[in-house]
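Protein chains in written order, with our numbering: chain A, 1 to 350; chain B, 1 to 350.
Think of the hints as simulated: they come from the structure by calculation, not from any bench.
Being a predicted model, the structure only gives us computed values, none of them experimental.
Please note that a few of the clues may not be correct.
The list treats identical chains as interchangeable, and a pair is accepted whether it falls inside one copy or across any two copies.
Stated by the list, open to error - Here are the simulated EDC-like cross-link-like pairs (lysine to aspartate or glutamate), alpha carbons at most 16 Å apart as the crow flies:
no. : residue 1 : residue 2
1   : K194      : E27
2   : K228      : E199
3   : K228      : E262
4   : K244      : D277
5   : K194      : E28
6   : K194      : E223
7   : K194      : E332
8   : K47       : D164
9   : K235      : D260
There are 2 protein chains.
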Amino acid sequence: MAAAADSDPMESSCEAEDEDSLEEEAEEFSSCPHCSELAQRQSEQRKAGHFTDLTLMFSIGARLHSVAAHRSVLSAASTFFSELLSAQGSASSPGASGAPELRTPSSGALSSGIPSSGAPSSGAPSSGTPELRTPSSGALSSGTLELRAWSSAPDLSTVEAVIDYMYTGHISVTVRNVNQVLELAHRFLLVDLKAFCGEFMMRRLTLKNCVPVHSLALTYSLERLSNKATALIRKHFHKVIHDKEFQTLPFHLVRSWMADSEITINSEQELFQVLVDWVNHDKEEREEHFEELFGLIRLTQISPVYLSRVVRSQSLVSSNSTCLQLVSEALEVHAVSLEHLTLADVGLYS
Amino acid sequence: MAAAADSDPMESSCEAEDEDSLEEEAEEFSSCPHCSELAQRQSEQRKAGHFTDLTLMFSIGARLHSVAAHRSVLSAASTFFSELLSAQGSASSPGASGAPELRTPSSGALSSGIPSSGAPSSGAPSSGTPELRTPSSGALSSGTLELRAWSSAPDLSTVEAVIDYMYTGHISVTVRNVNQVLELAHRFLLVDLKAFCGEFMMRRLTLKNCVPVHSLALTYSLERLSNKATALIRKHFHKVIHDKEFQTLPFHLVRSWMADSEITINSEQELFQVLVDWVNHDKEEREEHFEELFGLIRLTQISPVYLSRVVRSQSLVSSNSTCLQLVSEALEVHAVSLEHLTLADVGLYS
Numbered sequence: 001m002a003a004a005a006d007s008d009p010m011e012s013s014c015e016a017e018d019e020d021s022l023e024e025e026a027e028e029f030s031s032c033p034h035c036s037e038l039a040q041r042q043s044e045q046r047k048a049g050h051f052t053d054l055t056l057m058f059s060i061g062a063r064l065h066s067v068a069a070h071r072s073v074l075s076a077a078s079t080f081f082s083e084l085l086s087a088q089g090s091a092s093s094p095g096a097s098g099a100p101e102l103r104t105p106s107s108g109a110l111s112s113g114i115p116s117s118g119a120p121s122s123g124a125p126s127s128g129t130p131e132l133r134t135p136s137s138g139a140l141s142s143g144t145l146e147l148r149a150w151s152s153a154p155d156l157s158t159v160e161a162v163i164d165y166m167y168t169g170h171i172s173v174t175v176r177n178v179n180q181v182l183e184l185a186h187r188f189l190l191v192d193l194k195a196f197c198g199e200f201m202m203r204r205l206t207l208k209n210c211v212p213v214h215s216l217a218l219t220y221s222l223e224r225l226s227n228k229a230t231a232l233i234r235k236h237f238h239k240v241i242h243d244k245e246f247q248t249l250p251f252h253l254v255r256s257w258m259a260d261s262e263i264t265i266n267s268e269q270e271l272f273q274v275l276v277d278w279v280n281h282d283k284e285e286r287e288e289h290f291e292e293l294f295g296l297i298r299l300t301q302i303s304p305v306y307l308s309r310v311v312r313s314q315s316l317v318s319s320n321s322t323c324l325q326l327v328s329e330a331l332e333v334h335a336v337s338l339e340h341l342t343l344a345d346v347g348l349y350s
Numbered sequence: 001m002a003a004a005a006d007s008d009p010m011e012s013s014c015e016a017e018d019e020d021s022l023e024e025e026a027e028e029f030s031s032c033p034h035c036s037e038l039a040q041r042q043s044e045q046r047k048a049g050h051f052t053d054l055t056l057m058f059s060i061g062a063r064l065h066s067v068a069a070h071r072s073v074l075s076a077a078s079t080f081f082s083e084l085l086s087a088q089g090s091a092s093s094p095g096a097s098g099a100p101e102l103r104t105p106s107s108g109a110l111s112s113g114i115p116s117s118g119a120p121s122s123g124a125p126s127s128g129t130p131e132l133r134t135p136s137s138g139a140l141s142s143g144t145l146e147l148r149a150w151s152s153a154p155d156l157s158t159v160e161a162v163i164d165y166m167y168t169g170h171i172s173v174t175v176r177n178v179n180q181v182l183e184l185a186h187r188f189l190l191v192d193l194k195a196f197c198g199e200f201m202m203r204r205l206t207l208k209n210c211v212p213v214h215s216l217a218l219t220y221s222l223e224r225l226s227n228k229a230t231a232l233i234r235k236h237f238h239k240v241i242h243d244k245e246f247q248t249l250p251f252h253l254v255r256s257w258m259a260d261s262e263i264t265i266n267s268e269q270e271l272f273q274v275l276v277d278w279v280n281h282d283k284e285e286r287e288e289h290f291e292e293l294f295g296l297i298r299l300t301q302i303s304p305v306y307l308s309r310v311v312r313s314q315s316l317v318s319s320n321s322t323c324l325q326l327v328s329e330a331l332e333v334h335a336v337s338l339e340h341l342t343l344a345d346v347g348l349y350s
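With the hints as extra help, turn the sequences into a complete structure.
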């Protein structure tokens with residue numbers, strides 16, 4: 001080192017080479033907490049109304065609640081919002097003209113929707129198209145997005161929680177809010193959150209809630225939950241049919257259960273009584289389905305006495321010629337087999 | 001189970017209790033990749049100009065380059081931006097009137113700033129206050145923020161990389177861009193990134209770059225880097241002073257080194273020559289500092305012959321009475337000690 005001291009050892013000739021080799025050594029820096037801190041701060045901004053450029057309007061009960069948010073975050077977190085807002089977002093300046101004005105009739109049918117109070121009345125969840133309003137040109141850029149047609153009437157705290165999830169990736173799910181969270185997650189296409197709701201319900205699946213949970217699972221295409229609920233219902237069908245929940249099932253599910261060859265029941269007679277109860281629960285709507293469902297009962301496994309005295313005299317049966325015919329056929333099968341039995345007894349076939 | 005089948009076992013009396021105990025079991029759901037995916041998508045939005053509501057203008061060389069971004073993200077990522085934009089952000093609608101109009105004179109002094117080409121000329125980095133422009137009322141909300149007074153004239157790709165870091169927490173740092181990244185990180189108060197730049201430089205600290213790296217470390221208050229560079233410079237000061245880099249050091253650093261009692265040098269004579277070279281490198285600016293720095297040389301360790309023939313005849317010395325006085329005093333010390341030595345030789349003090 002001493003010898004080279006005078007000749008400027010750190011300079012000139014070999015510098016280019018050294019520099020090149022050093023330049024190849026790029027280092028990647030990733031700040032681990034950066035993204036979660038960023039998300040947390042954007043969430044705080046939203047709560048404080050800082051830099052928000054979109055107002056979401058939720059029909060909650062009879063009232064409209066508004067929640068301010070950032071288009072950028074909602075679009076980044078949710079395909080639902082990114083597709084909805086993309087027409088606007090392509091202009092670098094929000095509030096520019098040309099925003100889509102999507103309108104949909106409000107379906108208005110709001111059910112309470114907690115697990116023990118009944119399943120949604122239709123097979124597919126409402127995906128009511130939201131209405132995107134923009135102010136007239138020249139006004140500020142804060143557009144308004146109205147979200148209607150909820151099957152589980154979300155309360156404001158749950159809406160806030162799901163929006164906050166879109167910001168932070170974190171949410172607290174409870175038995176009380178899981179149905180609403182699930183509907184919001186489904187609507188906003190939050191796949192991970194939706195899957196979590198399914199697992200949450202799976203861990204709490206009991207005989208008491210398996211019927212409505214099964215309906216929800218079908219509604220939101222939660223296959224594993226649906227399969228597990230189905231297995232539970234099949235095994236305990238003779239108990240489940242006495243639940244209030246069963247009375248609230250829609251026709252297609254009752255038909256599906258009655259046609260299921262794996263359900264366990266005490267007797268076909270019991271099944272007949274449950275069917276009558278289900279129809280009478282909303283006779284006006286359900287009477288038309290009686291004939292089809294009655295056809296699913298194995299009448300030949302009901303005793304001739306019960307068939308002729310109870311089944312045939314039930315007004316839903318006696319007023320329907322197809323049902324009466326089925327009862328007659330069943331009685332005929334009984335008569336023939338009884339005759340065989342009697343003849344066997346007296347030794348003709350021995 | 002069979003016995004209870006008729007009494008509706010999953011309903012009524014005990015339901016409230018069960019529900020309560022279940023409700024206590026809230027589950028926290030955290031989607032691990034959510035935040036990083038969110039960040040990635042917001043970064044993609046920025047590149048596509050989606051939902052951006054701020055234009056950053058960078059003076060790069062003689063030209064202005066603009067980069068579109070989201071106020072929300074910049075504010076969430078950087079205290080610099082959050083403080084700057086907060087006056088605007090408190091209104092839920094960006095583009096509202098009342099935005100601050102901060103102006104600062106452009107300092108214009110742009111140096112190339114890569115490690116081997118020289119340190120910033122002043123001790124403290126320029127933190128030129130940016131200019132925030134908003135359009136006249138009624139126009140769109142996209143404000144413009146002009147960022148001037150860079151000491152290392154950032155190139156557009158580095159600016160893009162640092163802005164992307166604010167979105168994603170990820171950046172690729174190279175020897176080529178580290179100075180600019182450091183300046184941007186310092187200016188935008190990105191503490192983690194700044195610290196990483198310091199570590200990056202520390203891993204590449206060599207005799208060849210220790211002088212400018214030390215200057216940078218002081219400029220940006222990177223204490224560990226500064227300490228490590230100081231130790232290296234002290235140990236090899238006799239080599240370092242022959243670097244071109246040393247010639248570009250500002251006065252306060254040259255004084256600091258010359259006053260440092262821990263530097264290793266071959267001779268005070270060499271130090272004198274380096275001082276003369278440093279002053280002559282920019283004589284007009286530096287001549288005024290010669291006297292103070294000359295006072296730091298241990299003249300009594302230079303031989304009388306060199307003092308009288310070379311030092312005293314150097315024009316910087318001969319034109320300065322204080323310096324001439326110092327040389328005379330040193331020669332006097334030499335004369336006295338030489339006399340003592342001679343007397344000792346002839347046995348007077350034996």
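Each hint tested on the structure:
With identical chains, the CA atoms of K194 and E27 are at most 16 Å apart between copies only, with a shortest distance of 14 Å across copies and 38 Å within one. Proximity of K228 and E199 under a CA criterion of 16 Å is satisfied intra-copy only: 11 Å inside one chain copy versus 54 Å between copies. Taking CA atoms no more than 16 Å apart as the test, K228 paired with E262 passes inside one copy only; the shortest distance there is 14 Å, against 77 Å between copies. For the homomeric pair K244 and D277, the shortest alpha-carbon distance inside one copy (10 Å) is at most 16 Å, but the shortest distance between copies (98 Å) is not.
When the C-alpha separation of K194 and E28 is checked against a cutoff of 16 Å, the pair qualifies only between copies, where the shortest distance is 14 Å, while the shortest distance within a copy is 34 Å. In the homo-oligomer, the alpha carbons of K194 and E223 lie at most 16 Å apart inside one protomer (12 Å), although the nearest pairing across protomers, at 49 Å, exceeds that limit. Taking the shortest alpha-carbon separations for K194 and E332, neither the intra-copy value of 53 Å nor the inter-copy value of 92 Å comes in at or below 16 Å. Taking the closest pair of Cα atoms, K47 and D164 come within 16 Å of each other only inside a single copy of the chain (9 Å); across copies the shortest separation is 25 Å, beyond that limit.
Taking CA atoms no more than 16 Å apart as the test, K235 paired with D260 passes inside one copy only; the shortest distance there is 12 Å, against 88 Å between copies.
When held up to the earlier numbered hints, the structure conflicts with hint 7 and nothing else.
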